[in-house]
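J.: Heads up: the sequence lines are chains W and Y, in that order. Mapped onto the numbering used here, the consecutive letters of the first sequence carry residue numbers 1 to 254. Mapped onto the numbering used here, the consecutive letters of the second sequence carry residue numbers 1 to 268.
In short, the hints are calculated from the structure, not lab data. Using N, Cα and C, we set each Cβ at its ideal position, and we do this for glycine too. Each hint should be verified, as a subset may be incorrect.
Quick list of the computed label-pair ranges, beta carbon to beta carbon [unchecked claim]: (1) Y:66 <-> W:8: 39 to 49 angstroms; (2) W:74 <-> Y:125: 48 to 58 angstroms; (3) Y:89 <-> W:52: 22 to 32 angstroms; (4) W:180 <-> Y:85: 47 to 57 angstroms; (5) Y:245 <-> W:14: 54 to 64 angstroms; (6) W:74 <-> Y:83: 17 to 27 angstroms; (7) Y:83 <-> W:12: 13 to 23 angstroms; (8) Y:191 <-> W:235: 32 to 42 angstroms.
To be clear about the criterion: a stretch of chain Y counts as covered by chain W if any three or more of its residues have a C-beta under 8 angstroms from a C-beta of chain W, and this derived list gives those stretches [unchecked claim]: (9) 154–162; (10) 166–173; (11) 178–192.
A few chain W residues facing chain Y, derived, Cβ under 10 angstroms [to be verified]: (12) 80; (13) 82; (14) 86; (15) 88; (16) 97; (17) 160; (18) 169.
The residues making up each chain are set out below.
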Amino acid sequence: MLRAQDVHKRYRHEEVLKGIDLEVASGEVLCLIGPSGSGKSTFLRCINHLERIDAGRLYVDGQLVGYRERGDCLYEMHPREVCRQRADIGMVFQRFNLFPHLTALENIIEAPLQVRRESRALATERARALLERVGMSDKADAYPSRLSGGQQQRVAIARALAMRPKLMLFDEPTSALDPELVGEVLNVMRGLTEDGMTMIVVTHEMAFARDAADSVAFMDAGVIVESGPPEEMLSHPRHERTRAFLSRIIGGRQ
Amino acid sequence: MTRVVPRRRPWLWLGSAAVIAIAALLAVSIYRNPNIQHGVILQYQFAPAILAGLRVTVVLALLAAVIGTVLGVLLAVMRLSESPVLRLASGFYTWLLRGTPLLVQILIWGNLALLFEYLGPFKTNDVLTPFVASVIALGLNEGAYMAEIVRAGIIAVDRGQNDAALALGMSQPLALRRIILPQALRVIMPPAGNQFISLLKATSLVSVIAGGDLLTAAHNISSANLHTIELMLVATFWYLTVTTISSLGQHYVERRLGKSGVGMHASS
Numbered sequence: 001m002l003r004a005q006d007v008h009k010r011y012r013h014e015e016v017l018k019g020i021d022l023e024v025a026s027g028e029v030l031c032l033i034g035p036s037g038s039g040k041s042t043f044l045r046c047i048n049h050l051e052r053i054d055a056g057r058l059y060v061d062g063q064l065v066g067y068r069e070r071g072d073c074l075y076e077m078h079p080r081e082v083c084r085q086r087a088d089i090g091m092v093f094q095r096f097n098l099f100p101h102l103t104a105l106e107n108i109i110e111a112p113l114q115v116r117r118e119s120r121a122l123a124t125e126r127a128r129a130l131l132e133r134v135g136m137s138d139k140a141d142a143y144p145s146r147l148s149g150g151q152q153q154r155v156a157i158a159r160a161l162a163m164r165p166k167l168m169l170f171d172e173p174t175s176a177l178d179p180e181l182v183g184e185v186l187n188v189m190r191g192l193t194e195d196g197m198t199m200i201v202v203t204h205e206m207a208f209a210r211d212a213a214d215s216v217a218f219m220d221a222g223v224i225v226e227s228g229p230p231e232e233m234l235s236h237p238r239h240e241r242t243r244a245f246l247s248r249i250i251g252g253r254q
Numbered sequence: 001m002t003r004v005v006p007r008r009r010p011w012l013w014l015g016s017a018a019v020i021a022i023a024a025l026l027a028v029s030i031y032r033n034p035n036i037q038h039g040v041i042l043q044y045q046f047a048p049a050i051l052a053g054l055r056v057t058v059v060l061a062l063l064a065a066v067i068g069t070v071l072g073v074l075l076a077v078m079r080l081s082e083s084p085v086l087r088l089a090s091g092f093y094t095w096l097l098r099g100t101p102l103l104v105q106i107l108i109w110g111n112l113a114l115l116f117e118y119l120g121p122f123k124t125n126d127v128l129t130p131f132v133a134s135v136i137a138l139g140l141n142e143g144a145y146m147a148e149i150v151r152a153g154i155i156a157v158d159r160g161q162n163d164a165a166l167a168l169g170m171s172q173p174l175a176l177r178r179i180i181l182p183q184a185l186r187v188i189m190p191p192a193g194n195q196f197i198s199l200l201k202a203t204s205l206v207s208v209i210a211g212g213d214l215l216t217a218a219h220n221i222s223s224a225n226l227h228t229i230e231l232m233l234v235a236t237f238w239y240l241t242v243t244t245i246s247s248l249g250q251h252y253v254e255r256r257l258g259k260s261g262v263g264m265h266a267s268s
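Could you build the full structure based on these sequences and the hints that come with them?
T.: Given below as structure tokens:
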């Protein structure tokens, strides 16, 4: 579903991604872990072309993201085509980013109406089903400011799902939440993995990585240091940097 | 039960009394001034020429506000674009039109025939009637001010909103129209309302090119009958009326925006 080949990204003089190679199969869940500033979020934002990459290639569902290859060159796509690609990739943000001027339901139907040109009746019906799925049926008409962080994030997940994405990206979805609200969001995400959604999750929730991920990749300073099945990665990391990071995280959390 | 005795504030009372006394003196001195003929005021307050001028003033302000708003959004988007040329062009426009007196701009548009005798196939003076020149001058000037107001509004919207909209597959123009601008409106409305009231009054400047507005009408009458103050009072009444109405309108719109938007910033 996702194939990254030697992806590079630089901001002015600082190289934040120094050649990322990664593959995620359809239906697989990958957790990206690593210290802050290691480039995890940037990499995630490259996958749906919110950030341009400077070298390398990103394929989603066999299609090159954001560019067209002709001869030796990559030409950036027309914005319309970029939009079409993004519509198939769902994204959930650390700070939820719900639209504050719209109710929960309106947040969900906005893109299906405006981008997919679905009928209002159909979009609303599907939005209600999604709200049910994330346990938010009773808050359909509430504005985001009336919802807790956990509730907002669940609506944000429903909003992304409304576009029927092939791939879901989660950018630290529980980092901005009060501790007691983390569980409800993780439960919704676990539900998605059971439904076979392909997911890439940037997270510090090691328990989630251990029991929900098919593989875990550890990133540091713009490279993927190592990756593998969660059990092996989290219990028996091979690299010193991974070990140091895990001991800090787990030491800090338990 | 103990009684609460507020502290006495003699200065507050004295000050209030002084203000009332001054206001009363002023009112009486105007009312009883032998140089003001109240009959003239009453005679012209609803005179057809004055009402026609009032209509021109209101239409002028509305048209200029529409042009200014559209132009302001365009300039603000240019100012925030990735292209340095567009950014510079927008900055230059604002610099030029904000940095020169509106009166000068009105005079230039009103006398453009001196610079270009023909605009394409048309004679400049046939196209640029005083009214058209006034609309253009006021609208273009308004655009420069609205650009800054709209830009401030757009910047006030969290960047994550744009990310979220784009991530859902919205195009940038769609995201701007459906997500960013509706939220920016809460920040834009108060200064834009102020701006409109300024504009209503600024229309009076077009009297220098015989724009046919309220002041032009009042001035034409007063130069014939020499009752200058009376006719300025007639104009004052109408200016106050329209600015009061638009203040009330602004108040109403802001209250409605406040209700629907419920808190701009999401809490966690």
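J.: Hint by hint, where does the structure go against what was stated? Just the numbers, ascending.
T.: Checked against the structure, the only hint that fails is number 8, while the rest are satisfied.
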